[in-house]
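Residue-level listing of the chains:
4 protein chains.
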Amino acid sequence: MADISMNKARVMIRKALQKGRELELKPLSVVVLDAGGHVKAFEREDGAAPGRFAIAQGKAYGAVMLGMAGTAQMQRAEQQGYFMNAVNGVYGGQVIPVPGGVLVRDKRGVVIGAVGVTGDTSDNDAICAAFGIEQANLVAEI
Amino acid sequence: MADISMNKARVMIRKALQKGRELELKPLSVVVLDAGGHVKAFEREDGAAPGRFAIAQGKAYGAVMLGMAGTAQMQRAEQQGYFMNAVNGVYGGQVIPVPGGVLVRDKRGVVIGAVGVTGDTSDNDAICAAFGIEQANLVAEI
Amino acid sequence: MADISMNKARVMIRKALQKGRELELKPLSVVVLDAGGHVKAFEREDGAAPGRFAIAQGKAYGAVMLGMAGTAQMQRAEQQGYFMNAVNGVYGGQVIPVPGGVLVRDKRGVVIGAVGVTGDTSDNDAICAAFGIEQANLVAEI
Amino acid sequence: MADISMNKARVMIRKALQKGRELELKPLSVVVLDAGGHVKAFEREDGAAPGRFAIAQGKAYGAVMLGMAGTAQMQRAEQQGYFMNAVNGVYGGQVIPVPGGVLVRDKRGVVIGAVGVTGDTSDNDAICAAFGIEQANLVAEI
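Chains as they are written, first to last, in the UniProt record's numbering: chain A, 1 to 142; chain B, 1 to 142; chain C, 1 to 142; chain D, 1 to 142.
Heads up, a few of these hints could be off.
What the hints assert, rightly or not - Below are the DSSO-like pairs computed for lysine-lysine, each with C-alpha atoms no more than 27 Å apart in a straight line:
{"#": "1", "chain 1": "D", "residue 1": "15", "chain 2": "D", "residue 2": "107"}
{"#": "2", "chain 1": "B", "residue 1": "107", "chain 2": "B", "residue 2": "26"}
{"#": "3", "chain 1": "B", "residue 1": "26", "chain 2": "B", "residue 2": "15"}
{"#": "4", "chain 1": "A", "residue 1": "26", "chain 2": "A", "residue 2": "15"}
{"#": "5", "chain 1": "D", "residue 1": "15", "chain 2": "C", "residue 2": "15"}
{"#": "6", "chain 1": "A", "residue 1": "107", "chain 2": "D", "residue 2": "26"}
{"#": "7", "chain 1": "D", "residue 1": "15", "chain 2": "D", "residue 2": "26"}
{"#": "8", "chain 1": "C", "residue 1": "26", "chain 2": "C", "residue 2": "15"}
{"#": "9", "chain 1": "C", "residue 1": "107", "chain 2": "C", "residue 2": "26"}
{"#": "10", "chain 1": "A", "residue 1": "107", "chain 2": "A", "residue 2": "26"}
{"#": "11", "chain 1": "B", "residue 1": "107", "chain 2": "A", "residue 2": "15"}
{"#": "12", "chain 1": "D", "residue 1": "19", "chain 2": "D", "residue 2": "107"}
{"#": "13", "chain 1": "A", "residue 1": "107", "chain 2": "C", "residue 2": "107"}
{"#": "14", "chain 1": "B", "residue 1": "19", "chain 2": "B", "residue 2": "107"}
{"#": "15", "chain 1": "C", "residue 1": "107", "chain 2": "B", "residue 2": "26"}
FYI, nobody ran anything at the bench for these hints, they're computed from the structure.
All chains, full assembly: derive it from the sequences and hints.
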């Protein structure tokens with residue numbers, strides 16, 4: 001398996017949103033990117049701010065392009081801020097280096113995409129992303 | 001009603017894709033933008049090329065921002081190419097002025113967003129978008 | 001197979017360059033992009049102009065992102081120039097819609113990347129790209 | 001000698017990758033830029049994240065354009081962050097100021113290009129780049 005099917009993407013989004021409702025989080029937005037960092041599917045809940053697509057995408061995009069999940073990106077940004085700034089330069093400013101950008105791996109460990117969630121705290125966003133990924137029988141790296 | 005709910009967006013996407021399968025079209029990608037031109041939901045079928053999100057978005061974005069559906073944009077582009085080029089300048093190059101960008105109006109005629117479809121011929125793309133909109137009890141302007 | 005290995009990429013580049021020498025073409029530059037449009041390998045022959053990387057990449061990038069090889073892109077550009085201009089807008093101006101951007105398919109027909117060649121006439125560029133792809137036991141769509 | 005030949009570029013890349021395998025590093029990506037900062041050759045190992053071309057290029061690009069290797073750039077970034085930010089402004093955001101961007105000098109000391117390596121720690125990246133340069137009978141400045 002080297003790709004995320006549309007059906008898997010739907011499951012990941014639905015389950016991530018369901019987890020957000022269970023935890024009574026703010027309205028969430030969830031994107032699924034493929035192994036090349038390209039948008040496969042997206043949904044924005046009613047009440048979420050209009051610009052949330054770009055935030056969700058930015059969290060997931062950096063994860064795929066660097067092969068590094070949001071938590072690791074945030075640590076690097078805190079230790080060596082100019083490096084993550086420079087990374088954003090070469091990626092056209094499309095990277096949001098915080099939790100909520102979660103790598104999706106298949107059972108063999110190969111990165112096949114990423115899920116980006118935004119709307120609540122970064123940590124809660126990441127919990128919902130990981131839940132969606134696991135419900136699709138894939139492996140999450142937060 | 002001034003907004004497209006997430007449920008309506010899901011219906012529009014599912015029905016547009018269903019129509020594509022009925023007509024045996026190539027794999028489609030479908031985006032729903034809200035009344036501000038911002039992404040509400042998106043799905044890309046398996047087998048569609050990776051860059052199709054940007055094409056779908058570009059069709060729908062011009063429709064919302066100009067209040068002019070894809071067919072009218074194409075006519076303008078053919079008659080007065082420099083005008084649509086200039087429009088693209090002020091909109092950051094994000095407009096694809098061909099059929100498949102379909103305006104969504106509520107029952108009173110107010111524009112509440114747009115659907116963008118890409119993957120087959122522009123005319124077939126528009127048919128699928130309009131079908132999805134109508135199945136959600138909204139009014140399509142192709 | 002959903003990816004181009006580094007070894008396959010090397011074969012494609014070497015064989016494309018070898019074909020160029022056989023045909024006594026001008027110095028060539030050859031890029032291999034993966035299924036997400038990202039650079040896997042590149043070589044520029046001695047004597048080629050310094051800016052040839054971007055031309056090779058632009059030919060291959062549009063092919064992957066649209067799922068449409070250079071010849072088909074050129075036909076579209078000639079019939080509906082404003083459409084290909086608009087496509088370039090949404091892809092950040094990274095598309096060169098002429099022959100020499102050749103799709104790479106695996107034996108089942110799935111697009112797994114593209115080869116971009118530049119340096120001689122567009123038609124000769126495409127011949128070299130296709131030769132390299134075939135020598136790697138993959139299928140070329142010019 | 002004012003230029004890196006394609007054969008020298010191949011040697012530098014092969015040897016840098018060979019060193020990475022010897023040291024059991026993560027999958028590496030290696031770019032060679034010429035004396036004008038333009039891409040001469042590149043390879044990305046299987047398993048490396050898709051966005052690694054831009055990181056490798058950014059490391060090498062700053063080295064050539066400033067005539068300052070990655071280690072010196074990093075020191076400057078840590079001492080005077082606004083300066084390296086401003087440098088990135090004038091170079092279009094294409095500079096990654098960390099080790100792994102290694103200057104290539106000929107025997108007379110003239111800068112004829114740079115090698116950029118990414119994938120493991122910055123220090124390990126630089127070791128591999130320097131090894132490749134030395135194996136091509138050129139002089140590395142880390």
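Exercise. Keeping to a limit of 27 Å between CA atoms, is the pair of residue 19 of chain B and residue 107 of chain B held or broken?
Worked result: holds, 23 Å
For this session: Decide if the proposed pair is consistent with the structure: residue 26 of chain B and residue 15 of chain B, CA atoms, cutoff 27 Å inclusive.
Result: holds, 15 Å
Exercise. Between residue 107 of chain A and residue 26 of chain D, does the CA-CA distance stay at or below 27 Å?
Worked result: Holds. Residue 107 of chain A to residue 26 of chain D sits at ~20 Å (cutoff 27 Å).
For this session: Mind checking the alpha carbons of residue 15 of chain D and residue 26 of chain D for me, to see if they're no more than 27 Å apart?
Result: Holds. Residue 15 of chain D to residue 26 of chain D sits at ~15 Å (cutoff 27 Å).
Problem set entry | Restraint status (C-alpha distance of residue 15 of chain D to residue 107 of chain D at most 27 Å) | Roughly 19 Å between the alpha carbons, so the hint for residue 15 of chain D and residue 107 of chain D holds.
Problem set entry | Pair hint residue 26 of chain C and residue 15 of chain C, alpha-carbon separation not exceeding 27 Å | At roughly 15 Å apart (the allowed maximum being 27 Å), residue 15 of chain C and residue 26 of chain C satisfy the hint.
Exercise. Between residue 107 of chain A and residue 26 of chain A, is the straight-line Cα distance small enough, at 27 Å or below?
Worked result: Outside the cut-off at roughly 32 Å; violated.
Exercise. Are the Cα positions of residue 107 of chain B and residue 26 of chain B separated by 27 Å at most?
Worked result: The hint is violated at about 32 Å.
For this session: Decide if the proposed pair is consistent with the structure: residue 26 of chain A and residue 15 of chain A, CA atoms, cutoff 27 Å inclusive.
Result: holds, 15 Å
Exercise. Taken at face value, is the distance from the CA of residue 107 of chain D to the CA of residue 19 of chain D at most 27 Å?
Worked result: holds, 23 Å
Problem set entry | Pairwise hint evaluation, residue 26 of chain B against residue 107 of chain C, where the allowed Cα distance is 27 Å at most | Distance of about 20 Å is within 27 Å: holds.
For this session: Starting from residue 107 of chain C, check that the Cα of residue 26 of chain C is at most 27 Å away, please.
Result: Distance ~32 Å between residue 107 of chain C and residue 26 of chain C Cα, so the pair is violated.
Of the numbered hints stated above, those contradicted by the structure are hints 2, 9, 10, 11, listed in ascending order.
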